[in-house]
Amino acid sequence: MAFAVEGLFKSYGAAAVLRGVDLAVEDGEIHALLGANGAGKSTLIKCLSGAETPDAGRIRIGDANFPSLNPREAREAGVAVVYQELSLALSLTAADNIFLGREKRIGPFVRKSAQRRIAVDMLQDLGVQIDVDSDLGSVGNAELQSIEIVKALASNPKVLILDEPTAALSEREANRLADRLKQLKKLKLPVLYVTHRLSEVFALADRVTILRGGLAVLSGRVADLSHEEIVAAIVGRSVDRLRPDERNLGSDGNGPLMAVRDLVANGIGPISFDVRPGEVLGVFGLVGSGRTELLESLFGARDVLGGTIDLGKGAVRPKSPSEAYSCGLALVPSDRLRKSMFPSLTAADNLLASSFGHVAQGCVRRRTREQSLFGDAAANLNLQPRRPDLEARRFSGGNQQKLVLGRWLNSAKDCRVLLLDEPTQGVDVGARSEIYAALRAAVAAGDRAVVATSSEPEELMQIADRVIVLSHGRLVGVLDSRDITEKRLLALAHAVEDEGKLLS
Amino acid sequence: MNAANPTVSSGSSRFASMLSADLIVNNILLAALAVLILYFSLSSPHFLTFSNFTVLLTNYAAIGVVAAIMTLLMIAGHVDLSVGSNIAFSGMMAALSITVFGVPPVIGIFVGVGAGALVGAINGFACGALRLSPIIVTLGMLSLLRGTTLLINPTEVYGLGDTFFYIGNGSFLGIPILLWVVGSAFAASALFISASVWGRYVYAIGVNPQAAFLAALPVKRLLFSLYVATGAAAGVADVLLAARLDGVSPGALGLQMELQALTIILLGGVAFAGGRGRIFGVITAWVFLGVLENGLTLLNVPPFIQLVASGLALVFAASIDAIGTYVAPRMARRRAVAEQIEAARQRAANASAS
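Chains A and H, in that order, give the protein sequences. Following this note's numbering, the numbering of the first sequence begins with 1 at its first residue and continues without gaps. Following this note's numbering, the numbering of the second sequence begins with 1 at its first residue and continues without gaps.
It is possible that part of the hints are untrue.
Partial list, computed: chain H residues near chain A (C-beta under 7 Å) [said to hold, decoys possible]:
| hint | residue |
| --- | --- |
| 1 | Ala195 |
| 2 | Ala204 |
| 3 | Val207 |
| 4 | Asn208 |
| 5 | Leu214 |
Keep in mind that the hints were calculated from the coordinates and are not lab data. Just so you know, even glycine gets a beta-carbon here, dropped at the ideal spot from N, CA and C.
If we strip away everything but chain H, and leave its shape as in the complex, we get (with noise of 0.2 Å):
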């Protein structure tokens, strides 16, 4: 921000160390993940290589593609808790097609993401247009959907045939079709959000609604397209998922997703109230509970821990969040001081100079 401008950048070495601490405030999660990959890397000689990261990376592409969209839905300030069960049932949905009615399984993946994207539309019209609360909306179509999905078929759903296990184990270009949706998720994140005039208006009624809506802005319309998105997603996410597993189970599929995506989402260092996040810190989170994870299991580690560390890795990106409202006003004072100083001294070295 501040080498943009050439007066206050010219060379004060306070100044620097000021900057190097602005950019580790913002990249600390990156750092964090480049320790643990040195850590894991000198612990596991299997743990730094590529059959291994495309592993760790697979493992985690479902929860990848919610996190891409519902990141959006994040930094305009709303939330859908529901992306787990909607998980489940979407994929009920496709499941279902395919197994009993017969229809191709390229039909059924349009199913299942339809279905997904029709449960957004509902959270959409209740969260956007109605303005109920997003979190008990969201929350109450949680259990509803998780059970609607177990009432119309209690129990798992096999065989969906060849297309289902290339999406699930087969590759493109020698990179996984898993990868190849996950990455294209989260490139179409980041280029909404930065490319596009909507990613403005995502960050705008993250930070001020009502200051959005008296700007003229399409509030209500972006919000329910973002709910939409976010269901799509969940809708992707379960084509994925059915296709490595090569089957839905209504209790388990997608189960706790919700928080999972939630605990990327926050740790990427998007702010719960919205108007705040990047897609690469979000990408980088990603990464983190998936090298945490495989990591950990390479280790030996007993899955206990690993739910012990990943819960820590929750309340360090609230910590974060924290911190970062705590330390961010201080460096700006400190920032402005800088500025005051610098343009004193400016000021007295023209002085002597005229």
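With the rest of the complex left out, here is chain A (with noise of 0.2 Å):
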């Protein structure tokens, strides 16, 4: 058996992340590990390229055994780690890429054209057919991720971990790669295939392993089990909704607060949904499903190339932040650090900055006004702490993501949509349910509707009236209060990869 781990613990602090991990991967087999977002796959992954050390356990490679690694002893131990995300040169080329830093050399020059024929002989194991001596910023994503299998294959791995390498791949670049990562048999490499998509375990892996709250649940022969069994064993028991109140929502006869017809973006669409008044609108999907797109369309911020956004005024189609913000559209993008926050300007200017113009007299701040709306949304989201002056980097990530939040949820212009991108992430859990709460205050006098994606169903479940399920860019169902369970909203996700299979 070429690689295992054995009773791998992990924790942070209290919090225990890996329990006692046990996996074992042979040679020439792909072995897929799932779990869903928390059970502790980057944590395990982690631990496997020398990134974190464990608390406990062992981890064997081959003939050797090793306690912990570091990211070097991982490197020469054989671990090779392909990420999600690309990390290739793309003004090189193929051939560069994949012996950058381990050129072969005479002296100090590169044996460029032995490199080239090593290259191209290795593609052609793996089926990948691209112009070698080109660039590779005309290659499609798919071949990316090939190239990138290449490059780690090119450093004689013992071990290959594939963490997520479609995740950012549309359909058909994910069945293009998947073809070729059956061709990685041959190499009779144990390979570790970290993946969310179902569809693939069936099609690629022999194996699968399956995390859940830091220990693995299920482990067995893909052949031996069925899409239901592996879905039960990654969401576990099932989760109760914790919202306490069935609100009777939309039935009062009034229109919808906002209706969206046929938007089509740059990926995504074309989408058609309403958003009620008083309403908590959940958008789930996968990561690459178009949650962001979607809202980001909504604001004006992507080019919507077709459709309408009617909010009772007539349909109309912003073309920009602002232009959406004067309909009474309001965004809290999920990135903060690169799309939200103004990390060394106060918290005042954080939380304000939409709203100095709406307390100004003329274009003429009066800084009594801004103190008490500072004041006034500070204390109702309850920040932390509450001073105006203090840099907005210095806060922790909850009382971050406050600030965003008072900068719509504060009495200078009343939003009437507010859309979020993932509110949470990021953010530590009292923060959480003090965010929570405060998206239930806005919406409950039942003039304002919100928005939220989500990654993660539980969430949804707490905080969604409704949700929608988003799968590849389009709107793939609608789940009303009761029907809001993590089985149905997984089930939605997959479904246009799975056919249909787990729709019960």
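Now that you have both chains on their own, put them together as the hints suggest.
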């Protein structure tokens, strides 16, 4: 047996992430590793690649045993990891990339032709057909991911780990990559394949291990398992809906607060759905399903190619965020650092960024009104610490998110539909519930609505009144209050790939 | 910042020393300026006189106007390298409109400022709306405008009339007109940044343009306006220079002023990447460079050494930025630790009291 993990433990402070994981991968086997978010997949891979040190347990590679690895030891032991984010230099050729940092050379001179010959052979083995002499700028995603794999193989690894190689690929690209991965079996190499897509498990893998709560809860031959067994193992015991109030929404005869019709943008659509007044509408989908694209298109931050949005004042198609904002829309983006924070500006500047104009006299600022607005919003959201002069980067993730939320949830200007993209990403548990409470309070009056995306089914089960499910940029299902279960969400999100096998 | 929090600022001597360290980093240039003035006034009896300071500042008035307005553009993370040639171009437009077309001088001033603003609008459209690289666009504009000016009229234009002479040499309430103009420019800039809502947007755009866009701020419109304002400031600067020299030389007017303006702004503590900077710092840097040049002239230092000195000042500016990015996080960490210790001491004191 070529590669195994035995009784691996890892905890961060009090939180145990891995609680004795056992895993064995044989030579020439593709072993799929499945699990929901937070099941411990990434931590396991970090332990194998040397990025984290396990607290206890053993890692066996070939004949050698390791209690822990650092990145250099992992490389020398023959662990090669291909991550979902590409790490290629797109302005270089495939051969240059494959041998980057390990060039074949004589003295200071690179043996270009030898590199090229080996690269061509290896790419052909995987069935990749690209021009090895041109740069990678025009090469498709599936091919780039294949080159990443070849690059990993060029280091003669003893075990190959693929971390969601298809997450960023379209369905067709993923299928192309899957065909190539089958060629890997010829290499008699243990391959650990982390994925979210069930269809790939059945198409590719020989065996599968499912992680849940830091334990391997199911391990076996793929041929012996059914879709239902695997989904059940991923989900575990059914999570109860934590929403206590089952409000009766949208049945009072009023029209929708926002009607989206045939929205088309790059990568998504056409999508049509309604947002009812006073509801929290969840948007669920796997990575790459178009959640972020949908919200940013609604907010005018992306080019919308077709369709309309009706907020009760006629159909519009916002061309910029400021236009969307004046229509009554607001967006809390998912990537705080890149898309919503001004880290070196003060908390007040961050919270009031979009409201300065509304509390000013003409364009002259009125500081007392700004102060009281900040005070109110900070109190409503329980901002900690409540200091307007503190730089935003010194706040915790949860409180930074409150600053962004407060930008739209204050009394200066009412937004009618608040769009939130992964509102609790990088937010600690305590702040999480405060953000949930703030969202519920925002819609309580019944004149506003919240549209929130999440990649965590539990989160939507807690906050959403209804959920729309996206897959590959299309709307594949709408779940009403009572039907929002983890199983149904996952089933719908996987549905396109599984051709409806999971739909009960 | 910390003085605002009463629980933290309550008497720790270590804390006070850190506060003063903060103060020094923020005002290091002001301290350097004080030392410079002290040195020059001890070395030359003519230095610290009202008339000398008037001369010193009026010589620097035109560049001060450009620096005052371009500071806003640079805090927003952009830059206009074409101002030097823009001064020559718009100056030539103003001079030709008076000498060739015979318009009244007041209209001539408007032509100059308008031509500058028009160039700013072109820069603003390219860099603000089309999002081209400001350095490339305005660097191209720098040589394009100088060439255009020389093509339109390759020789110097003289004789702009009494109005221009009055602007260049006259006084109002005992203060030269030039100083009134540059003073208003700095005042307008300072008011804009601190008292108008646009000032907040300028910082936000400088720190994170993507986040500013998604916060529904008018990013493109504001950047365009700032480029137009910078162009118009170049137009004002050319009127001041033409008035002082009573003429416009297409090859020499405004030459290298873009670099001078940049030196002043960076020396004044504005980050080249944007998002950080104060008008007061830029004013300090403006006076600093003026004092440096004037003082060295009074001491009969050869002009080449003056070049070396202003070059050193620019490197000095870069170092302040580097030192700031190196020191600031360390100071922040020390401050955080001090707050922790202070909080723990307070808790201990509360516990023993109860």
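The hints, checked one at a time:
1. Ala195: 6 Å, holds
2. Ala204: 5 Å, holds
3. Val207: 4 Å, holds
4. Asn208: Holds - the Cβ of H/Asn208 comes within 7 Å of chain A, reaching about 5 Å at its closest.
5. Leu214: The hint holds - H/Leu214 has a Cβ within 7 Å of chain A, the shortest such distance being about 5 Å.
Checked against the numbered hints listed earlier, the structure breaks none of them; every hint is satisfied.
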